[in-house]
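Participant: Sequence:
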Amino acid sequence: MIYSKCVGEQIICEEGQKELVVWNEFLNTEVNGGVKNSTALDVEDCKNACELNISCDGLDWHPGQSEGDRCWLHGSWSGQRVDGTAIGITHYDINRTEICCSMLLCQKLLFTV
502 MIYSKCVGEQ IICEEGQKEL VVWNEFLNTE VNGGVKNSTA LDVEDCKNAC
552 ELNISCDGLD WHPGQSEGDR CWLHGSWSGQ RVDGTAIGIT HYDINRTEIC
602 CSMLLCQKLL FTV
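Residue numbers (this note's numbering): 502 to 614.
The calculated label-pair distances, taken between Cβ atoms and stated as ranges, are:
id: 1; residue 1: 555; residue 2: 588; range: 30 to 40 Å
id: 2; residue 1: 516; residue 2: 566; range: 35 to 45 Å
id: 3; residue 1: 585; residue 2: 515; range: 35 to 45 Å
Because the hints were derived from the structure by calculation, they are not lab data. For every residue, glycine included, the Cβ atom is placed at its ideal position computed from N, Cα and C.
Start from the sequences and build out the full structure, keeping to the hints where you can.
Facilitator: Here's what the structure looks like:
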């Protein structure tokens, strides 16, 4: 069953479910004014940090930087997007779907979104 319960702006899913999110990827792009998340070891950790922060609307992943300096979260506090000239940096926009699903169902739904 796919459903969600909204509490304010936050989506509350049943136990064993998670919110379905879709990420849009922009190569060689960054947004100014991000907040560093120094605990993210890879891009999936960085995405998880953004998903857990309801104010986060995107992130920059800097794979060429040293560990602890690769993940930058963005939201209303961020500045201007720099498209196509930030070589090696990938920006991701998060699309929160307000749909709760099990991990398996989420994976199936991602192929139809």
